[in-house]
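Novice: This is what each chain is made of:
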Amino acid sequence: MAHYMVVLLDDKRLNALKGTGVEEKIVDLFGGALKAINIEVPEEAEKNIMAAFTSARIDSRGAITDVPVAFNRVLFEEIAKQKSIGPEVWNGVLARVDEIKEAAAKESEYLPSPDIDISDIEELQKEPHQKP
Amino acid sequence: MSGLLIERPLPHGGRLVERVVRDPELGKKMAKTCQAVYDIKPTLHYETGVPVRNVYREIMSICYGFFSPVEGSMKKAELERVLKERRLLNEWVFPYPMLFDISEEDYKQLGVTVGDRVLLRLKGEPFAILDVEEVYRIDPEEVATRTFGTPEDNPEVVREPFDKKHPGWVIYRSMNPVILAGKYTIINEPKLRPPFDRFWYPPRKSREEYEKRGWRTVINHQTRNVPHVGHEMLMKCAAYTGDVEPCHGIQVNAIIGVKRRGDYPDEAIVEGHEMVHLAGYIKPERHLVTICLWDMRYGNPLESMLHGIIRQNMGCTHHMFGRDHAAVGEYYDMYATQILWGKGIPSFGFPKPLNEVPYGLQIKPQNMAEFWYCPHCGEIAYSGCCNHTKEKQKFSGSFVRGMVAEGVFPPKVIFRPEVYKVIVKWWKKFGYPFCNEKYVREKEETLEVDLPHMEV
Chain A
1 MAHYMVVLLD
11 DKRLNALKGT
21 GVEEKIVDLF
31 GGALKAINIE
41 VPEEAEKNIM
51 AAFTSARIDS
61 RGAITDVPVA
71 FNRVLFEEIA
81 KQKSIGPEVW
91 NGVLARVDEI
101 KEAAAKESEY
111 LPSPDIDISD
121 IEELQKEPHQ
131 KP
Chain B
1 MSGLLIERPL
11 PHGGRLVERV
21 VRDPELGKKM
31 AKTCQAVYDI
41 KPTLHYETGV
51 PVRNVYREIM
61 SICYGFFSPV
71 EGSMKKAELE
81 RVLKERRLLN
91 EWVFPYPMLF
101 DISEEDYKQL
111 GVTVGDRVLL
121 RLKGEPFAIL
131 DVEEVYRIDP
141 EEVATRTFGT
151 PEDNPEVVRE
161 PFDKKHPGWV
171 IYRSMNPVIL
181 AGKYTIINEP
191 KLRPPFDRFW
201 YPPRKSREEY
211 EKRGWRTVIN
221 HQTRNVPHVG
231 HEMLMKCAAY
241 TGDVEPCHGI
251 QVNAIIGVKR
261 RGDYPDEAIV
271 EGHEMVHLAG
281 YIKPERHLVT
291 ICLWDMRYGN
301 PLESMLHGII
311 RQNMGCTHHM
321 FGRDHAAVGE
331 YYDMYATQIL
341 WGKGIPSFGF
351 PKPLNEVPYG
361 LQIKPQNMAE
371 FWYCPHCGEI
381 AYSGCCNHTK
391 EKQKFSGSFV
401 RGMVAEGVFP
411 PKVIFRPEVY
421 KVIVKWWKKF
431 GYPFCNEKYV
441 REKEETLEVD
451 LPHMEV
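Chains A and B, in that order, are what the protein sequence lines are. Sequential numbering of the first sequence, starting at 1, is according to UniProt numbering. Sequential numbering of the second sequence, starting at 1, is according to UniProt numbering.
No lab work stands behind these hints: they were computed from the structure. Don't take each hint at face value.
Restraint ranges, calculated between C-beta atoms of paired labels, are given here [to be verified]:
hint	chain 1	residue 1	chain 2	residue 2	range
1	A	Gly62	B	Glu437	27 to 37 Å
2	A	Val27	B	Arg441	32 to 42 Å
3	B	Asp153	A	Lys101	36 to 46 Å
4	B	Asp153	A	Lys18	41 to 51 Å
5	A	Glu127	B	Asp450	48 to 58 Å
6	B	Arg441	A	Lys83	36 to 46 Å
Pairs of lysine-lysine residues, derived as DSS-like cross-links and limited to a Cα-Cα distance of at most 27 Å, are as follows [said to hold, decoys possible]:
hint	chain 1	residue 1	chain 2	residue 2
7	B	Lys164	A	Lys101
8	B	Lys29	B	Lys123
9	B	Lys205	B	Lys183
10	B	Lys392	B	Lys425
11	B	Lys108	B	Lys29
12	B	Lys236	A	Lys131
13	B	Lys394	A	Lys25
14	A	Lys126	B	Lys212
15	A	Lys25	B	Lys390
16	B	Lys412	A	Lys12
17	B	Lys165	A	Lys106
18	B	Lys412	B	Lys394
19	A	Lys101	B	Lys429
20	B	Lys390	B	Lys412
Far from chain A, by Cβ distances over 10 Å, these chain B residues were calculated [said to hold, decoys possible]:
hint	residue
21	Trp92
22	Glu134
23	Ile138
24	Val178
25	Pro346
26	Asn355
27	Gln393
28	Lys412
Predicted model, so just to flag it, every value in this text is computed and none were measured. Idealized CB from N, CA, C, for every residue including glycine.
When you get a sec, could you build the whole thing from the sequences and use the hints?
Specialist: This is the structure:
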């Protein structure tokens, strides 16, 4: 059974794919709340990915997950550059393994947190129901 | 009707173990009777040197009664019985070896023999005493493999040989060869550090809390994760079990201990669960978040047995179990826990379910199947009901983690926004959304407790 990877698409990524033809492959997840592309991973590419990134695993859906964030970024970049989700994308990704590993080494220590307002939950936490 | 009502179960073994001295003067007196002093240190991975366990958590859970009727580090005969039959010498079922291990070098330096008493220090302060009843040696690799079983010996549920990729196997493999067996007594009561302090309900306290809340029936949700909406639905649906009415209470009991890379930090886990009731998704009157200190062994059916013991001791009447309970990898059948509780696993010493064997458990299992998002139903659906199996979108923990790591604000059907913001709160603090080596090392230095100063 061929495995696949899920590439999530935020607004910026959706814009980058406009007019590429890849748009037709975009799927809705969770009732349209998320947009994504499911890209099949050829067997040889999968072997190389699992060997290069030891955290990677196949989840219950048959998707390859737990790859570094940098991997997903490069994967999207190659999809947008090649305007495709075919096997040529994987050639591009695997050619950049060293670059991904270098970025991944840094990201395992630090990832910038999203710049969102969390004051509402901090307010709720001021009155916990359970007290020490 | 009274015949239909489920009563609060007795603790496993018939009574709660409580080996905590709360009088500091008595604690000091007992400390002074010790022949030797030992500073507790973490168990380090036998190859990488990364902390994998700290025995202090077992001492806490034993002395506060979570692991009743166990009272200390097991003698050799008891270790053998547990490994062979998953029973203590007093017959009560128990899944795992509980051992106080030290190196040959430390043992030589301590100079203790049977009958001696060792003062165990934690973070430089007196913490507990160990009354040495026996000293023996183990082969850690042998104990590790026998603890979890093999495909040959346990064909009903073990699918792959255990090895160093299994974190529970690694914990036992990384232990020292010398075992000091005997009872523990905490003589200097630790203080739980925030945020864990408000979730600390040892069995005596949890039982009192249920009485206060009027909870006759309580179903437990085991967790080592920040709750997504699938978890929340699991809790809500499982709580419909009860007897003549749904369970009065939903208890979340989070296992707090050494984490793996990629797990959420413990702080985010407990506050994430708390946020479910703070934000009103489950009424706070019906929901209680608690913790138990334990470095998980990820032993699927064996772990579920320990979970049943802990939560029965806490006073729960029911325990929900899902697929791949407390599992990692594919060492066990994904339904091994449900097999144990539904049919039994003869090769582990259980020809019948755990509720039906002598000296077994009274807490009742609730074996749940899966939840998924169904775009056709337009909601989170239970696999036992939803027939849109071709359209289902599963909750994959690793997919959710990937989404979080990429900084994508998860949709409401995956994470309640308030719960997600708890993840971000601790992400800002630690600089990373999940456990990494830095978090693990720092956590194993600060631990979850502080010890009052005790001059001895």
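Novice: Now look at each hint and say whether the structure bears it out.
Specialist: Hints versus structure:
no.	hint	in the structure
1	A/Gly62 - B/Glu437: 27 to 37 Å	30 Å, holds
2	A/Val27 - B/Arg441: 32 to 42 Å	41 Å, holds
3	B/Asp153 - A/Lys101: 36 to 46 Å	40 Å, holds
4	B/Asp153 - A/Lys18: 41 to 51 Å	59 Å, violated
5	A/Glu127 - B/Asp450: 48 to 58 Å	25 Å, violated
6	B/Arg441 - A/Lys83: 36 to 46 Å	45 Å, holds
7	B/Lys164 - A/Lys101	24 Å, holds
8	B/Lys29 - B/Lys123	20 Å, holds
9	B/Lys205 - B/Lys183	22 Å, holds
10	B/Lys392 - B/Lys425	31 Å, violated
11	B/Lys108 - B/Lys29	26 Å, holds
12	B/Lys236 - A/Lys131	24 Å, holds
13	B/Lys394 - A/Lys25	20 Å, holds
14	A/Lys126 - B/Lys212	23 Å, holds
15	A/Lys25 - B/Lys390	18 Å, holds
16	B/Lys412 - A/Lys12	21 Å, holds
17	B/Lys165 - A/Lys106	24 Å, holds
18	B/Lys412 - B/Lys394	15 Å, holds
19	A/Lys101 - B/Lys429	25 Å, holds
20	B/Lys390 - B/Lys412	22 Å, holds
21	Trp92	31 Å, holds
22	Glu134	38 Å, holds
23	Ile138	30 Å, holds
24	Val178	34 Å, holds
25	Pro346	28 Å, holds
26	Asn355	29 Å, holds
27	Gln393	6 Å, violated
28	Lys412	7 Å, violated
In summary, the structure is inconsistent with hints 4, 5, 10, 27 and 28 from the numbered list given earlier, while agreeing with the others.
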